[in-house]
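J.: Here the protein sequences line up with chains A and B, keeping their order.
Taking numbering that gives the first Met the number 0 as reference, the numbering of the first sequence is continuous, increasing by one, and the terminal residue is 245.
Taking numbering that gives the first Met the number 0 as reference, the numbering of the second sequence is continuous, increasing by one, and the terminal residue is 781.
Keep in mind that the hints were calculated from the coordinates and are not lab data.
Careful, some of the hints might be misleading.
Unchecked claim - A few chain A residues that don't get close to chain B, going by computed Cβ distances all over 10 Å:
id, residue
1, 10
2, 23
3, 26
4, 30
5, 42
6, 56
7, 85
8, 86
9, 112
10, 130
11, 139
12, 143
13, 170
14, 172
To be verified - The calculated EDC-like cross-link candidates involving lysine to aspartate or glutamate, where the alpha carbons are at most 16 Å apart (straight line), are:
id, chain 1, residue 1, chain 2, residue 2
15, B, 234, A, 90
16, A, 38, B, 628
17, A, 116, A, 83
18, B, 234, A, 10
19, A, 200, A, 173
20, A, 130, B, 41
We put the beta carbon where it would ideally sit given N, CA and C, even for glycine.
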Amino acid sequence: MTKYAMVINVEKCVGCHACELACKAEWGVAENEHRTWVKPTYPQSLGGKGLFDLVAAFYVGQCNHCDHPTCVEACPTGATFKREDGIVVVDYDLCIGCGYCVEACPYGARYVHPTLKKVDKCDFCAPRLEKGLEPACVETCITGAKVFGDLEDPTSEVYKLVYEEGARGITSEEVNIGPNVYYIGDEKKVDLIINKFPPRKPKLPTPASIWEKLLKPLLGLGVVASFLGASVAYFIQLFKGEDKFE
Amino acid sequence: MSNGRLTRRQFLKGTALVAGTTILPTGLVRAQRRPTTWHGRERVTEIPSTCEMCFWRCGIIGEVKDGRLVKIKGNPLHPNNRGKICARGNAGLKTLYDPDRLKYPLMRVGKRGEAKWRRVSWNEALDYMVDKLKDIKSKYGPEAIAMFPHGVSSRLLKSVFASWGVVNFAVASFNHCKGPRDVAFKLTFGTSPGSPERLDLPNASMIVLIGSHLGENIHTGQVREFAEAIGRGAKIVVVDPRFSTAASKAHWWLPIRPGSDTALILAWINVLIEKDLYDKEFVNRYTYGFEELKKAIKPFTPEWAEKVTDIPASTIREIAVEMGIRKPSVLVHPGRHTVWYGNDVQRSRAIAILVALLGSWGKPGGYFLPTPLKKSKCPCPKQEKPSKDVCEASGKHIYPFHEEGVPSQCVVDATLTGKPYPIKAWITYGTNIIQSIPQPERTIKAIEKLDLLVAIDILPTDPSLYADVILPEATYLERYDLPFVVSNWTDPYVAIRQPVVKPLFQSKGPFWIAKEVSKRLGLKNCLPCNSEEEMIDKILEPLNISLGDLTNKGVMSFPGRPYDTSNLRFRTPTGKIELYSTKLAAKGFSPIPVFEPVDEPPKGYFRLIYGRSPVHSFTRTVNNEWLDEIYPENRVWLNEKAAEKMGIKDGDEVYLVNQDGVKEGPVKVFVTPGIRDDCVFIVHGFGQKNPMMRRAYNKGISDSFLMTKIKPDPITGTTGMRVNFVKIEKNGKLLEYTPEGYEERLKEMKAAHVTPTIKIQKPANVQPEQPQPQEEEEEEGC
Ligand code: SF4
Ligand code: SF4
Ligand code: SF4
Chain A
0 MTKYAMVINV EKCVGCHACE LACKAEWGVA ENEHRTWVKP TYPQSLGGKG LFDLVAAFYV
60 GQCNHCDHPT CVEACPTGAT FKREDGIVVV DYDLCIGCGY CVEACPYGAR YVHPTLKKVD
120 KCDFCAPRLE KGLEPACVET CITGAKVFGD LEDPTSEVYK LVYEEGARGI TSEEVNIGPN
180 VYYIGDEKKV DLIINKFPPR KPKLPTPASI WEKLLKPLLG LGVVASFLGA SVAYFIQLFK
240 GEDKFE
Chain B
0 MSNGRLTRRQ FLKGTALVAG TTILPTGLVR AQRRPTTWHG RERVTEIPST CEMCFWRCGI
60 IGEVKDGRLV KIKGNPLHPN NRGKICARGN AGLKTLYDPD RLKYPLMRVG KRGEAKWRRV
120 SWNEALDYMV DKLKDIKSKY GPEAIAMFPH GVSSRLLKSV FASWGVVNFA VASFNHCKGP
180 RDVAFKLTFG TSPGSPERLD LPNASMIVLI GSHLGENIHT GQVREFAEAI GRGAKIVVVD
240 PRFSTAASKA HWWLPIRPGS DTALILAWIN VLIEKDLYDK EFVNRYTYGF EELKKAIKPF
300 TPEWAEKVTD IPASTIREIA VEMGIRKPSV LVHPGRHTVW YGNDVQRSRA IAILVALLGS
360 WGKPGGYFLP TPLKKSKCPC PKQEKPSKDV CEASGKHIYP FHEEGVPSQC VVDATLTGKP
420 YPIKAWITYG TNIIQSIPQP ERTIKAIEKL DLLVAIDILP TDPSLYADVI LPEATYLERY
480 DLPFVVSNWT DPYVAIRQPV VKPLFQSKGP FWIAKEVSKR LGLKNCLPCN SEEEMIDKIL
540 EPLNISLGDL TNKGVMSFPG RPYDTSNLRF RTPTGKIELY STKLAAKGFS PIPVFEPVDE
600 PPKGYFRLIY GRSPVHSFTR TVNNEWLDEI YPENRVWLNE KAAEKMGIKD GDEVYLVNQD
660 GVKEGPVKVF VTPGIRDDCV FIVHGFGQKN PMMRRAYNKG ISDSFLMTKI KPDPITGTTG
720 MRVNFVKIEK NGKLLEYTPE GYEERLKEMK AAHVTPTIKI QKPANVQPEQ PQPQEEEEEE
780 GC
């Protein structure tokens, strides 16, 4: 089995934004939106002696391809799903652009593409992986801070960084849905990133709101009823776990 | 040169023939089938070339679909950037497709600065320009024409004008950037650190950055290697009044008092010598003047330096000892933008001496040695006896170690005053002279006096606002340039720039422009090549490779000899590394660096310091859609203590008012603990004044406009810029802040002044200066 993961070395990253733009160019990410983003923590005082005791790092974010993805739970059509290799993807043919998953993601990893009216996010460059290419951000990362690989493969760099060197995902006491993007480096810097950019509580849709949004566009598009029928069972199963993370 | 790649060349030539493709007049260039790759889910063609979003020249590959560029990525074969490119490199296609690009030749119809234009043909524009130039030359002589060239593409036209007798070339990269350090290293080692700098970062066990904010200042190959060193646990020392990105990676961040760097370096030298921690063997074998240095350095103890720099003596000592233990794999970065306080050569000399004492020249983890590659030329021979340039002629601005053209201030002065002779025409090529030369108000006044201003560029940056003729150059993605033959890398390489897409609109490449001008000027034998392809072939001939060998790979590298010291020679008068500079002594300058205190901010003022953002190359990139999205405007870094005292909050809008009352703003404040409270910092390149740059117009503020004062270095004439001071104005009220202990510090600074013990005289045992082979220097950006 394969389980893809990304590790970011915060010691190496210089916050250059190359990764963000390589991704933009590769996938036609909309203006002012991101599949991957870079945010500075800015210099923070650790409470020590003035100028000599500062810390700063860059938070490089993207979809975490979570073990228990709340986005999948929120998606009413099954367009968002987790593949066997761990990658969480959006099937454009099924996505109705309702945006529930956008609300449900604790990391703000998703957005509704303004012209396509579909939800877009990082898919670890799945189509590139199929062609034997690296994710576009990893390919361009000027410092080699981004490491991509298979967590199930004990010889991989990511395996080493996560299981032997203690790379950590961004989680909090309240929200831990098993993120697969990890951060390694000086603990103070990793802590700073996690504290400054904590996961937010996922908002999951109520059944009523789902039907409302779902029906309108579907009727408008004239999608066949058989699809709806097939979906119903799926929703029922979804709604059970609705408040799991609240 | 027998590396595997030559076989590949034969292979390529072979396949081209086997494939039976028609050989077009341009030779192999079009005959080779292009490789393809995947872009998203589409198949696209790959065309390698060289980036120009900054001057660093990373290898890139353009991904092209139906004649349209869809993505730029790094070229993995390129030994410098190794497949990596920075945000600017990635955003290059947004410069190519920038709707604000200069599309056609334009001629001014309104008043200067009014931005009213008439679209004209290239013929009309060039005829007008050349007629006017001829006119000016016949009336005032060729010296009445000045050119501000920037970047590789300007070289051809520059050579055309030089051949026609023009002498006044104002080269920004020397005057406003790396002049001091290049001269200082030449005085010491007989050669500059090179560009790219010959720094063996990957093998360094300790890296010392003095005022260099590598990481925000992105030259991909160098940052890649810096990160590699960090990953391997190299000790990092960062000297910077601001907590830069590099500082956040450092073991020691030294928030030094601005202007006191030389004192710190001298104290390090003092410790290395006093504690016998320098590389004795190296010093004995290769250096000249150690005893003089030893004597002169005595007073510069860490305790003395603490008072001047605000860095504890114990820290200074600790770091010096660490350097001494780790030598020679200790890399003291020479910096690049080194025009700070007007005493910059001496500071850079102190760095060079430190490098010599650590014995890191030619050693792994230090400064590696170049592996020269031969190249030839497609020349434009000088046909007229050159007249005196504006500096020589004036006699007063003579800077004995000025190189590369004339200081731009001299051109501005002469244009304003008509002395020593009038200057009537300026040609700017790929450079924003309004923002890159301090005191822009003087530059603008000088422009008003001109009979002709020609701006050649890809975007309507500030100079075009005042230009009489605007010529649209093709971007780096649409043109050939002179090939890059780079000796300054551990594996030296040859790389090309070639069109990734056809030129858009009516933009033209540099070869075409230079040829057309030379024809109109009636120059014979100038650029004797029929096409740019032929020109590239000719230049690469001595290496036994041709353009065809590079069209699909973009680059070819050769085995280097970076640590081969068997032939180590130094092109100085003594043939040694001159710790004591005989050349400086001969010209009456201190032959061993001394610390000269700089002017402290007047009471209530902050010193204005400036630098870079990782996503911009100054004014060149501010109009780029993607880069603007990431960093649309600069902010003023202000110390949190000072902000609190002044009642300023993060995000507040303020104005900066300098010592001469010049005001820039509004600009947002970034309140941070990460800067000293005696200076403020902004990113350079913002505050575009030309409305034709629709995206960037008026965003952020221009530090250049606040630089009404400059301090030329007496040795090189390079422009010290960190000598301006600002107050902050909020809601119409001018606020003041004075750091604690201000008066005391002023006193300490005065007391710290040490009169040099060294006598300035030419030592007797030095050979009369040999004419030395000039290294070929190519003007670069910053
Ligand atoms: S990060 Fe957000 S979008 Fe990605 S898998 Fe987790 S919940 Fe879903
Ligand atoms: S490209 Fe690499 S160094 Fe640059 S911001 Fe992204 S992760 Fe950091
Ligand atoms: S450092 Fe960036 S902008 Fe400069 S040449 Fe390289 S990729 Fe281009």
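J.: None of the hints should be skipped; say for each whether it holds.
T.: Now the hints, each set against the structure:
1. A beta-carbon of chain B comes within 10 Å of the beta-carbon of residue 10/A; the shortest separation is about 6 Å.
2. Once the 10 Å rule is applied to beta carbons, residue 23/A is inconsistent with being away from chain B; the minimum gap is 6 Å.
3. Non-interface status of residue 26/A relative to chain B is broken: a Cβ of that chain comes within 10 Å, the nearest being about 6 Å off.
4. Consistency note on residue 30/A: stated as away from chain B, yet its beta-carbon is not over 10 Å from all of that chain's, at 7 Å minimum.
5. The non-interface label for residue 42/A is inconsistent with chain B: the shortest C-beta to C-beta separation is roughly 3 Å, within 10 Å.
6. The non-interface label for residue 56/A is inconsistent with chain B: the shortest C-beta to C-beta separation is roughly 7 Å, within 10 Å.
7. With a least beta-carbon separation of about 21 Å from chain B, residue 85/A lies farther than 10 Å from that chain, consistent with its non-interface assignment.
8. Under the 10 Å C-beta cut-off, the non-interface status given to residue 86/A relative to chain B holds; the minimum distance is some 16 Å.
9. No beta-carbon of chain B comes within 10 Å of the beta-carbon of residue 112/A; the shortest separation is about 14 Å.
10. Non-interface call for residue 130/A relative to chain B: violated, since the shortest CB-CB distance, roughly 5 Å, does not exceed 10 Å.
11. A Cβ of chain B approaches the Cβ of residue 139/A within 10 Å, the least distance being about 6 Å, so the stated non-interface status is violated.
12. The beta carbon of residue 143/A is not kept farther than 10 Å from every beta carbon of chain B, the shortest such distance being approximately 6 Å.
13. Separation of residue 170/A from chain B is adequate, the least Cβ-Cβ distance of about 24 Å exceeding the 10 Å criterion.
14. At the 10 Å boundary, the C-beta of residue 172/A stays outside the reach of chain B, the nearest C-beta of that chain being 28 Å off.
15. Proposed proximity of residue 234/B and residue 90/A is contradicted: the alpha carbons are some 48 Å apart, above 16 Å.
16. For the given pair, residue 38/A sits about 13 Å from residue 628/B by alpha-carbon distance, which is consistent with the 16 Å threshold.
17. The straight-line distance between the Cα atoms of residue 116/A and residue 83/A is roughly 27 Å, outside the 16 Å bound, and the hint therefore fails.
18. As the CA atoms of residue 234/B and residue 10/A are separated by approximately 13 Å, the hinted pair is consistent with the 16 Å bound.
19. A distance of roughly 8 Å separates the Cα atoms of residue 200/A and residue 173/A; the hinted pair therefore holds under the 16 Å criterion.
20. Restraint check for residue 130/A and residue 41/B: satisfied, since their Cα atoms lie roughly 11 Å apart, inside the 16 Å limit.
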